[in-house]
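Visitor: With chain H fixed as given, assemble chain A onto it according to the hints.
Just so you know, the sequences run in chain order H and A.
Position 90, counted from 1, in the first sequence is what numbering that gives the first Met the number 0 calls 89; the numbers after and before it change by one each time, with no gaps.
Position 310, counted from 1, in the second sequence is what numbering that gives the first Met the number 0 calls 309; the numbers after and before it change by one each time, with no gaps.
These are calculated hints, taken from the structure and not from any lab test.
One or more hints might be untrue.
Copies of the same chain are indistinguishable here, so a pair counts whether it falls within one copy or spans any two.
[What the hints assert, rightly or not] No more than 20 Å apart at the CA atoms, straight line, and that leaves these computed lysine to aspartate or glutamate pairs for EDC-like:
| # | residue 1 | residue 2 |
| --- | --- | --- |
| 1 | 298 | 38 |
| 2 | 19 | 249 |
| 3 | 294 | 305 |
| 4 | 298 | 129 |
As the structure is a computational prediction, the values presented were derived from the model and not from experiment.
There are 2 protein chains.
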Amino acid sequence: MTEREQRARATMFSFTLIKKDSTTGSRLGRLVTAHGEVETPAFMPVGTLGSVKALSPRDLEEIGCRMILANTYHLYLRPGVEVIRDLGGLHRFMGWRGSILTDSGGYQVFSLGALRKITEEGVHFQSHLDGSSHFLTPERVVQIQEDLGSDIAMVLDECIPHPAEREYVKLSTQRTVRWAERSLRARKRSDQALFGIIQGGMYEDLRAECVREMIPLPFDGFAVGGLGVGEDEATLRSIGTFTAGLLPEERPRYLMGVGRPEDLIAAALSGFDLFDCVLPTRNARTGTLFTSRGKINIKRAEFSNDPRPVDESCDCYCCRHFSRAYLRHLYHAGEILAAQLHTIHNVHFYHHLMDKIRQLIRENRSGEALDIVL
Amino acid sequence: MTEREQRARATMFSFTLIKKDSTTGSRLGRLVTAHGEVETPAFMPVGTLGSVKALSPRDLEEIGCRMILANTYHLYLRPGVEVIRDLGGLHRFMGWRGSILTDSGGYQVFSLGALRKITEEGVHFQSHLDGSSHFLTPERVVQIQEDLGSDIAMVLDECIPHPAEREYVKLSTQRTVRWAERSLRARKRSDQALFGIIQGGMYEDLRAECVREMIPLPFDGFAVGGLGVGEDEATLRSIGTFTAGLLPEERPRYLMGVGRPEDLIAAALSGFDLFDCVLPTRNARTGTLFTSRGKINIKRAEFSNDPRPVDESCDCYCCRHFSRAYLRHLYHAGEILAAQLHTIHNVHFYHHLMDKIRQLIRENRSGEALDIVL
Numbered sequence: 000m001t002e003r004e005q006r007a008r009a010t011m012f013s014f015t016l017i018k019k020d021s022t023t024g025s026r027l028g029r030l031v032t033a034h035g036e037v038e039t040p041a042f043m044p045v046g047t048l049g050s051v052k053a054l055s056p057r058d059l060e061e062i063g064c065r066m067i068l069a070n071t072y073h074l075y076l077r078p079g080v081e082v083i084r085d086l087g088g089l090h091r092f093m094g095w096r097g098s099i100l101t102d103s104g105g106y107q108v109f110s111l112g113a114l115r116k117i118t119e120e121g122v123h124f125q126s127h128l129d130g131s132s133h134f135l136t137p138e139r140v141v142q143i144q145e146d147l148g149s150d151i152a153m154v155l156d157e158c159i160p161h162p163a164e165r166e167y168v169k170l171s172t173q174r175t176v177r178w179a180e181r182s183l184r185a186r187k188r189s190d191q192a193l194f195g196i197i198q199g200g201m202y203e204d205l206r207a208e209c210v211r212e213m214i215p216l217p218f219d220g221f222a223v224g225g226l227g228v229g230e231d232e233a234t235l236r237s238i239g240t241f242t243a244g245l246l247p248e249e250r251p252r253y254l255m256g257v258g259r260p261e262d263l264i265a266a267a268l269s270g271f272d273l274f275d276c277v278l279p280t281r282n283a284r285t286g287t288l289f290t291s292r293g294k295i296n297i298k299r300a301e302f303s304n305d306p307r308p309v310d311e312s313c314d315c316y317c318c319r320h321f322s323r324a325y326l327r328h329l330y331h332a333g334e335i336l337a338a339q340l341h342t343i344h345n346v347h348f349y350h351h352l353m354d355k356i357r358q359l360i361r362e363n364r365s366g367e368a369l370d371i372v373l
Numbered sequence: 000m001t002e003r004e005q006r007a008r009a010t011m012f013s014f015t016l017i018k019k020d021s022t023t024g025s026r027l028g029r030l031v032t033a034h035g036e037v038e039t040p041a042f043m044p045v046g047t048l049g050s051v052k053a054l055s056p057r058d059l060e061e062i063g064c065r066m067i068l069a070n071t072y073h074l075y076l077r078p079g080v081e082v083i084r085d086l087g088g089l090h091r092f093m094g095w096r097g098s099i100l101t102d103s104g105g106y107q108v109f110s111l112g113a114l115r116k117i118t119e120e121g122v123h124f125q126s127h128l129d130g131s132s133h134f135l136t137p138e139r140v141v142q143i144q145e146d147l148g149s150d151i152a153m154v155l156d157e158c159i160p161h162p163a164e165r166e167y168v169k170l171s172t173q174r175t176v177r178w179a180e181r182s183l184r185a186r187k188r189s190d191q192a193l194f195g196i197i198q199g200g201m202y203e204d205l206r207a208e209c210v211r212e213m214i215p216l217p218f219d220g221f222a223v224g225g226l227g228v229g230e231d232e233a234t235l236r237s238i239g240t241f242t243a244g245l246l247p248e249e250r251p252r253y254l255m256g257v258g259r260p261e262d263l264i265a266a267a268l269s270g271f272d273l274f275d276c277v278l279p280t281r282n283a284r285t286g287t288l289f290t291s292r293g294k295i296n297i298k299r300a301e302f303s304n305d306p307r308p309v310d311e312s313c314d315c316y317c318c319r320h321f322s323r324a325y326l327r328h329l330y331h332a333g334e335i336l337a338a339q340l341h342t343i344h345n346v347h348f349y350h351h352l353m354d355k356i357r358q359l360i361r362e363n364r365s366g367e368a369l370d371i372v373l
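In isolation and in its complexed conformation, chain H is listed as follows (with noise of 0.2 Å):
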């Protein structure tokens, strides 16, 4: 296949480069997929076992997300791919009508530590369930994505820990690209987008020369990862705002597993397009909550009689309904209705933070987007 050919098997994908700010790096974007359209820059919430965890998809309707992230190795693991497609896919498996990004189930599998082992081939690894043994190949994680039926899949590749020697990071991102290489000729549906993922670590060179090396391939976004893996603030900052710079624009860029508001902002002000973590979900379930002034911890005594709402500039249903003092109760009782409404309003958060970021691009204004987070 020609490269024309390869780009045209996502048929029904694309990806519409809106306007820039040309203040900042960002840019305002339209992804279009089989399950709709998606304004960018956008926030993922993250369905790790095909659940965005204590909330229902219509809940996630409701706030106005039109994208998740999958997971691929734990819904590989659990529970097992040929069950989701013969139900006839992920989408339908979980009463999602959005769009489903599945990553590769890399970032999971090089997190087993010494339960996997990387060859030229792919890699071994123990499944963190049953010890059972495994091995994924780029083709086969393109063939599980297939199989998932997710929207835009991910390719396998080696998130490098850090700190990493640069003779090693240098040899796994020369392997990322032959595995990306391999993915592409893997793909058979015509339905599902595949994107690239830069590597390179914490070496401004090693990442330029894997952009080098991928953007002539058929990918049809690309992702930075190995970025929000223990690196101080200035060093994510300085390498995320350079890859950015070197990706091509007419292509989506997604900027993997970083999420805290401050750092979509930068990223987002960078050019990066889309955006995951599991913060806003996870926080919820442990009593922090994002708000316009800041995050709460609503486990404090200080809550006990408070009548306001989380916040009080938010308009989504916890905080249209229920106290600060009631939601204190409910954690402290243990009940389940506290996850899903601190969920609820975390995931809201993220959500309305993205369209105040992509309202200062669309006004040429991103560059007050910095003045959001207090």
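Guide: Relative to the frame of chain H, chain A by itself:
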């Protein structure tokens, strides 16, 4: 106050007997509170701590629930009645627009066993949460429920364990009647109904004696307590039917805490109007789901590939959107969404069961209700 004046206290409360099905003892009624109408026979989901576990108020509204139960004992201990009162009462606290019945805490306190001591004046007990000492009297229990602002309050009674010696049952029941009289004298709110509770253990003559002493009292309704405490099913049925038959027709009858589907049907046919039980919500969280073809345990391997909804004849949110395979996956993965969806289904099942019973009564066919549950 005269009896008439006493009864007029609950100005926002009325019960209208709409029709009786002469083929059984069943009746159709309409209960009106300051928070709306409830068609009876009706089932009240249990919201122990101010939350029907795993459901939001809008889930309950969507199902069609008009009245829930909340537990005075639990709310008194946590978050404390002053917190709820100062935040505008229980309805506002929990964001619930429908009606609320609060129990008196009698059942919970008497379940504490060695942690409580009964005197004529009231009951001393230690909190199951922190061991702190408390003393509740009939008067205090009325005041607590008035502070909570429920639509229907219950008097403090002793829920007699089973088996129990006749002499103890007699003395305890007589004390419950004296406490009932004290409860009536303690009332201050005019917008809250107060129900008396019939005790008498498994002795028909003691039940009859209790009823004789209670029905002259100006209660807005009567509950039958002390059933479903370990007696066999035949005894539950016979004491329930016997006692219901002695109660005045024009006031609502509430069978406390008894709630398998077959129990609700039998009790409705005996002329009971209100029910509550933790069964649908608790079973939901352990994966036991009610269907028109009997209960299923969603954990079982047989459902791992099952594309069908829990109940093909059910139109709840869970059954409209999700397969047994997905629900089983969520359950085994420990996803919070499993509890949410299962609870929506089970509470909907109970609500729909009561719908069917009311329809059969309307058509003088209530005897056929015995065929509903397989």
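Visitor: Now tell me if each hint is right for this structure.
Guide: Here's how the hints hold up against the structure:
no. : hint       : result
1   : 298 to 38  : neither (35 Å within a copy, 39 Å between copies)
2   : 19 to 249  : within (11 Å within a copy, 73 Å between copies)
3   : 294 to 305 : within (16 Å within a copy, 43 Å between copies)
4   : 298 to 129 : between (35 Å within a copy, 18 Å between copies)
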